[in-house]
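Using the sequences and the hints given, assemble the complete structure.
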Amino acid sequence: MRHLPVLIVLLPLVAAQLCLLISKIHYKAGRYTVLAAVTGSLVMSVMLLRQVIAEGSVHYYFGNYKVPIGIEFYVDTVNALILVLICLIGALTFMYTTPFARTTDKTLVGAANTMISLLITGMLGMTATGDVFNLYVFLEITSLSAYCLISLGGSRGIVAAFRYLLVGTVAATLYLIGVGILYGITGTLNMSDMAAILSKWGNEGAMLIAMCFLIAAFGTKMALFPFHGWQPSAYTHAEAGSRPLISGVMGKIPAYGLFRYMYCIYGTDYKYFRVFLIVLGILSVCSMLYGSIRAMAQTDIRKMLAYSSVAQMGYIILGFAIGTPLALCGAFLHMFGHAFMKGGLFFATGAIRHKFGTTKLEDFGRIYKAMPFTCGLLVVASLSMIGIPPTVGFFSKWYLAVGAAGTGEFIYIAVLVLSSLLNAIYFFKLIEKVFIQQKSAKTEALPAAEGPEVPLDMMIPIVVCFLAILLLGIFNAKIVDILMLAIKGVAL
Amino acid sequence: MISITALSLRPALAVLTTLIASGLIYVTGERVKANTREAITFVAAFINAALVYSMIPAVLAGKTIKLTVIEIVKGIGFAFNVDAAGMVFACVSATLWILTSLYSVGYMRGHGEKNQTGYFAAFAMCICAATGICFAGNLITFFIFFEALTIATYPLVVHYRDEEGTRSGRKYLAYTLISGQIMFAAIVIVYVCCGTLDFVPGGFIKPEDIPMPLMLILFFMMVGAGMVKAGVMPLHSWLPAAMVAPTPVSALLHAVAVVKAGAFATLRVVLYVFGPESAEYCHGADILAWMAVITILVSSLIAIRKDNLKARLAFSTIGQLSYIVLGICILSPSAAAGALYHIVAHAFMKITLFMAAGAIFVTTHKKNISEMVGIGKRMPVTMTAFAVASVGIAGFPFIVGFVSKANIIVGALEQGKPLFACTLIASALLALAYLMPVVYMAFKKDVTNPDFPCKAEASKPMLIPLVITAVIAVVLGVCPNFGLHLYDLACMAGNAIFGIGGSLL
Chain A
1 MRHLPVLIVL
11 LPLVAAQLCL
21 LISKIHYKAG
31 RYTVLAAVTG
41 SLVMSVMLLR
51 QVIAEGSVHY
61 YFGNYKVPIG
71 IEFYVDTVNA
81 LILVLICLIG
91 ALTFMYTTPF
101 ARTTDKTLVG
111 AANTMISLLI
121 TGMLGMTATG
131 DVFNLYVFLE
141 ITSLSAYCLI
151 SLGGSRGIVA
161 AFRYLLVGTV
171 AATLYLIGVG
181 ILYGITGTLN
191 MSDMAAILSK
201 WGNEGAMLIA
211 MCFLIAAFGT
221 KMALFPFHGW
231 QPSAYTHAEA
241 GSRPLISGVM
251 GKIPAYGLFR
261 YMYCIYGTDY
271 KYFRVFLIVL
281 GILSVCSMLY
291 GSIRAMAQTD
301 IRKMLAYSSV
311 AQMGYIILGF
321 AIGTPLALCG
331 AFLHMFGHAF
341 MKGGLFFATG
351 AIRHKFGTTK
361 LEDFGRIYKA
371 MPFTCGLLVV
381 ASLSMIGIPP
391 TVGFFSKWYL
401 AVGAAGTGEF
411 IYIAVLVLSS
421 LLNAIYFFKL
431 IEKVFIQQKS
441 AKTEALPAAE
451 GPEVPLDMMI
461 PIVVCFLAIL
471 LLGIFNAKIV
481 DILMLAIKGV
491 AL
Chain B
1001 MISITALSLR
1011 PALAVLTTLI
1021 ASGLIYVTGE
1031 RVKANTREAI
1041 TFVAAFINAA
1051 LVYSMIPAVL
1061 AGKTIKLTVI
1071 EIVKGIGFAF
1081 NVDAAGMVFA
1091 CVSATLWILT
1101 SLYSVGYMRG
1111 HGEKNQTGYF
1121 AAFAMCICAA
1131 TGICFAGNLI
1141 TFFIFFEALT
1151 IATYPLVVHY
1161 RDEEGTRSGR
1171 KYLAYTLISG
1181 QIMFAAIVIV
1191 YVCCGTLDFV
1201 PGGFIKPEDI
1211 PMPLMLILFF
1221 MMVGAGMVKA
1231 GVMPLHSWLP
1241 AAMVAPTPVS
1251 ALLHAVAVVK
1261 AGAFATLRVV
1271 LYVFGPESAE
1281 YCHGADILAW
1291 MAVITILVSS
1301 LIAIRKDNLK
1311 ARLAFSTIGQ
1321 LSYIVLGICI
1331 LSPSAAAGAL
1341 YHIVAHAFMK
1351 ITLFMAAGAI
1361 FVTTHKKNIS
1371 EMVGIGKRMP
1381 VTMTAFAVAS
1391 VGIAGFPFIV
1401 GFVSKANIIV
1411 GALEQGKPLF
1421 ACTLIASALL
1431 ALAYLMPVVY
1441 MAFKKDVTNP
1451 DFPCKAEASK
1461 PMLIPLVITA
1471 VIAVVLGVCP
1481 NFGLHLYDLA
1491 CMAGNAIFGI
1501 GGSLL
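Protein sequence lines correspond, in order, to chains A and B. If you read the first sequence in the numbering used here, its first letter stands for residue 1, the second for the next number, and so on. If you read the second sequence in the numbering used here, its first letter stands for residue 1001, the second for the next number, and so on.
These are computed hints drawn from the structure, not numbers from a lab. Each hint should be verified, as a subset may be incorrect.
Said to hold, decoys possible - Computed footprint of chain A on chain B; a stretch qualifies when at least three of its residues, placed anywhere within it, have a C-beta under 8 Å from a C-beta of chain A:
| hint | region |
| --- | --- |
| 1 | 1084 to 1094 |
| 2 | 1157 to 1166 |
Said to hold, decoys possible - The calculated BS3-like cross-link candidates involving lysine-lysine, where the alpha carbons are at most 27 Å apart (straight line), are:
| hint | chain 1 | residue 1 | chain 2 | residue 2 |
| --- | --- | --- | --- | --- |
| 3 | A | K200 | A | K488 |
| 4 | A | K433 | B | K1114 |
| 5 | A | K478 | B | K1074 |
Claimed, not checked - From the derived model, a few chain A residues whose C-beta atoms are all more than 10 Å from chain B:
| hint | residue |
| --- | --- |
| 6 | A36 |
| 7 | L174 |
| 8 | D193 |
| 9 | V279 |
| 10 | A405 |
Every residue, glycine too, gets a C-beta built ideally from N, C-alpha and C.
Structure below.
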């Protein structure tokens, strides 16, 4: 039990090392290894979550070297929930990838599975760590495996991956500069230690500069406007099986990193804290509006969803920019909800592509007849994106709006309303295509995909996402209670 | 204790029955025979009606049935609260669901419609949402069902999946979603200002809670969603456009669920959230009342010029719904009771008219009034029902429309607002002017239309419901309390809002 935090991260890491070797035996064997490892992590993260709820946050010191010498993993209710989320979507992704393995080339399939496993390791580590440099290491693991996965998505994927590589490396460097400045002031890399020192002897000017670097770095990694340039093509052309994981979860972890810096390390008493709130508020509003407007113009559903992600990241950052406990809960609830919505939409898109071989919106005419469950998920996820009750999207929006009204920032409520309506335009366009538009000549089922709607291992993720969107919505008060345990102490 | 628990579960059960029915129809609809599928609808409709009716005695005795299912957002429960006002609307929708379902079967089969599974599933979903709207105990529960109704109606509007249907669907969504989102913002602000969202007869917002210009803005942000669904001008234009849908949908949209939900939303917002005192203080009620007056007059004038029968009825609906809005905004006990009873009255009369229009369309394929000369010879029963409902709409005594209108007029005079009373009388004359020509033309003696050679009524499933609704319209007109004690319930609600003790009129 004591070693849970590290085991959760370690298991996928070990599986990733073994995956390529085991794949030599059979091209599917590697996948089962990593699936088992991630499922193990999922079970352990649920256990950890229960422990954290019951007994309060957990500090884990590597090799029992005390802070500030050793490396620390720090888990409270917020990141325990995020750990569960990563493992869950990760496990679903592994279930889902097989039908996409067009090739039975052992090396290629094995490599893809290894990379997905490493991506999960990186994200788990970023979430659990309590050390700023350790966070950099995991950030790089995440990014490098993402570059590989995107480049596996064909020739356009390679271009997208290269672009992401250039931008991502700059972002990582910016992060390192920010950490360097903070290390220069405090002489420590441990987060709680750093927070304690900064609150006493902080150099406010240097801290301001460091935070600018950090916002730029995390903003790039989570694809916040105006740092989002790499994101649409990367999400669109990433390797098909891993797309739900990349688009659903990968962007959220840097956002959590930013939360850690703002609320846990700098703290709300920091002199320029309000300035950051305003800056983040402006960035998030721009993201929400710009992402939605660009999404409307897309003809490829993957690109539309990618731009919609830019907008949805805006919701999360908006919660950070409002800063009251309820607004932060709204931001995290949206983080969980959006992982299932966007992950689910990409699961559904992948299923449609598997069946009909198309991702163009104009070819989607009346596919609901052939794929009722997939289209059910499309509708529920779309409604959740717009924020129609009782889906989770409505409730996260509710908390954000209540937070904004509480601090008198009515402009944010107006933006939330406007953004919902913009979302409605392009998601109802999708629903119209799926249910109303005449069947296109091109939408003939691929010969390989005869038979039932989709294979069972693609169906499970679709059903899970469908249920998660509704259940997270209906039982959101429970999640908020859990989040509050950790958020109460740090929020405004 | 057990009986009390069972009683308090009923509102949730009523909503759940319809929800399950909707899901069942959608999932199994294509795999089972059409008769089995329709059986699901009828079983659910009867269970729903039984559950709703069984709560009447408790409500009549002055109790309210409260039930909180779960905490839906931090600090607010997903709460049902069955009071007299909700009961009136619930009885209407439960009763008319049975009749409309019967009619739908006749219409959809008689007309050979496609996509019937989706149709019946969405229909059940609409009733589920309407039932939830009736019983919702606070604004957030109300809003959840209100938005569910918006979404559930959309597939019905675009039923034919053609270009016109798509366009109407978009228009419908644009109106309802925008107003819904604005209402959402208003709910959030009210929650932050007042700390509660529970409906209270007489309202929970006190004039001193919110500063003045903000209060008026909030009033219209919140009531806007109701105004759109109730078709108050200038927010009405989705309603005639939604006419492209099949006739039973129009009957449902215009007589039972959607527009009535809008009127009911207005009632809840004006009298249960703001309350008479605040609504008068912020002048919102006055402005809304005048908008309703304009709507009543203008829509009647437009209706006179429409040749398409369904379009004429649609504009008539817009006018009649504004009666309810006007009755609410007069802010007096009898006017509120009249407004609530007009939900009942208009439902039975207008659904008769729409069903008759649909029956004519299916049997003779005529849409326009000018082609219907002499149709009374071919379909005497249908047209008699149509004639009864027409004079009822105009407010003729002994038909249900008279009861509600008389109450509203009395309320207007009590409050010293004779202009509103004049509007109602003028609009009654206008209603005669747009509906009676249809009746005259149908029964014209000296002309024999070659299209209508002999007597041939619509099929039984269509004929029976429309006769029943016409009969109910007359029975309730003679004896407003017949059966379900709806008039008493409406009066109770009116008295509760204005703080007059539980005694009946």
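Whether chain A covers the region 1157 to 1166 of chain B (at least 3 residues having a Cβ closer than 8 Å to its Cβ atoms): It holds, with 4 qualifying residues against the three required.
Consistency of the no-contact label for L174/A, given chain B and a CB cut of 10 Å: holds, 36 Å
Closest CB of chain B to the CB of D193/A still more than 10 Å away: Holds: least Cβ distance 33 Å, greater than 10 Å.
Beyond 10 Å from every chain B Cβ - status for A36/A: Holds: least Cβ distance 34 Å, greater than 10 Å.
Restraint status (C-alpha distance of K433/A to K1114/B at most 27 Å): Holds, because 18 Å separates the two Cα atoms, which is no more than 27 Å.
Whether A405/A stays farther than 10 Å from all C-beta atoms of chain B, as the label says: violated, 4 Å
Pair hint outcome, K478/A versus K1074/B [Cα-Cα no greater than 27 Å]: Given pair K478/A, K1074/B holds - Cα atoms ~9 Å apart, limit 27 Å.
Pairwise hint evaluation, K488/A against K200/A, where the allowed Cα distance is 27 Å at most: holds, 22 Å
Assertion that V279/A lies farther than 10 Å from chain B (Cβ): holds, 24 Å
Within 8 Å of chain A (C-beta), three or more residues of the region 1084 to 1094 of chain B: As far as the region 1084 to 1094 of chain B goes, the hint is violated, because 0 residues have Cβ atoms under 8 Å from chain A.
The earlier numbered hints that this structure contradicts are 1 and 10.
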